[in-house]
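Spelled out, the chains give:
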Amino acid sequence: MKSNKFSQACLLDVSGELGAEARGILRDHVETYPAAMLEYDQILLRFKQLNALPPLESHMDQVSLERMKQQVKDSIHEAVHQQQKTARWRMMRRWFYRSMSIASGVAAAVVVMAGIYIVRQHIQAHQARVMDAENTFQEMAESHLPYQANTPIRLIRTRIEHFGGGNLFDAQSGAGSAGIMHLFKALDKIPIPGTEDGVPQADNIQ
Amino acid sequence: MDGQAVTVLLAQCQAGDKSAWDALVDGYWQRLYGFAWRSTKNRDLAHDLVQETFLRVVQKLERYDHRDKFDAWLFRILVNLIRDQSRSRVRRPVRSTVVDSSTGAEMTDDMAARTGQPFDPVHHQEDVQRLYEALEQLPEIDRQVLLLRHYGEMPFKDIAKMLHCPLGTVLARAHRALGKLRITMEVGHEVE
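Residue numbers (the working numbering), protein chains in the order written: chain A, 1 to 206; chain B, 1 to 192.
Please note: incorrect hints may appear among the correct ones.
Said to hold, decoys possible - DSSO-like cross-link-like pairs, simulated, lysine-lysine; straight-line CA separation at most 27 Å:
(1) A:Lys48 / B:Lys60
(2) B:Lys180 / A:Lys69
(3) A:Lys85 / B:Lys180
(4) A:Lys5 / B:Lys180
(5) B:Lys161 / B:Lys60
(6) A:Lys85 / B:Lys161
(7) B:Lys60 / B:Lys18
(8) A:Lys85 / A:Lys73
(9) B:Lys41 / B:Lys18
(10) B:Lys69 / A:Lys69
What the hints contain is simulated information worked out from the structure, not anything from laboratory work.
Model the full assembly from the supplied sequences, consistent with the hints where possible.
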């Protein structure tokens, strides 16, 4: 065993920090070599000398020690109290900022939603106006187009009557008037729902 | 105080339990104060430094790494404070004083030690005084190791961790310091 390692092991042993196994090895070594035994005793003596330093209680009375200890406790209580106060304040500030940010978010969302609503309303109103205009145009177009395929025959006839103004039937002459008369006759043969026997009166036409 | 108990206590301290802080002070104050007192040779200063140590613990407990030993962490704070204090004292010397509890008179620690009150009668007064003087003659780092071992009641392994040096180095310092103490004491006896 090297000298410095040995003295270190002795020091650990006398201070009670050496493990059981190492302690056994050290004891064997010390019992085997008288020089080692001598050095071990010296180290033990020196260490005991350190322990001869009087403890704190021997220098100060218990009342003083307790008073000093209490002062330390009081200062700690004060520090802990301050720390808790600071932590509470920090937490309140954090909550304030958090709630403020939530409120800001909600307000922003409301503004965005209101904007979207207004734009949608505007678009819907615009679409309604366009549809109204389309309907108006359609109605106007329908009212000026008598020959549409689905126009009832009575309506066509009425429009033709309006178109002729009655003078056509008096003239009784010309290819156009003859054609129109043929058309009337053909129309008269078509049954019209809502009239008696489905056959219109010739006098009505005249 | 074993490691598990300390861990539980520290958790309670972190939760702001004042009685846990009291228990922590009860468990460590004497060791810290003993070490600080012998390191500074001034009771008031030692008291202030120990108080400051605990206040630092209050501030830094959240950052304490529980893998470290609490004793080592605590004493490291105190050692650093003592070192800072001794540096500032070099710049602005402070007379080491204590107040005599019986008379209220201010006196130096050395004087207080010589008065013998209320020393343990088992110890031989002059031997103790010589031992203190011998301790003073040691290099600071060697003295620190011995004071941490004796007043701090720290195992050499923890002292090594605290001082960030190998165990062998700490043991070598302790061995050397104890040897010097012994020589000083023997010389003193021979002179008598």
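Hint check results:
| no. | hint | verdict |
| --- | --- | --- |
| 1 | A:Lys48 / B:Lys60 | violated (37 Å) |
| 2 | B:Lys180 / A:Lys69 | violated (34 Å) |
| 3 | A:Lys85 / B:Lys180 | violated (52 Å) |
| 4 | A:Lys5 / B:Lys180 | holds (19 Å) |
| 5 | B:Lys161 / B:Lys60 | holds (19 Å) |
| 6 | A:Lys85 / B:Lys161 | violated (35 Å) |
| 7 | B:Lys60 / B:Lys18 | holds (16 Å) |
| 8 | A:Lys85 / A:Lys73 | holds (18 Å) |
| 9 | B:Lys41 / B:Lys18 | violated (31 Å) |
| 10 | B:Lys69 / A:Lys69 | holds (23 Å) |
Hint compliance for this structure: hints 1, 2, 3, 6 and 9 are broken, all remaining hints hold.
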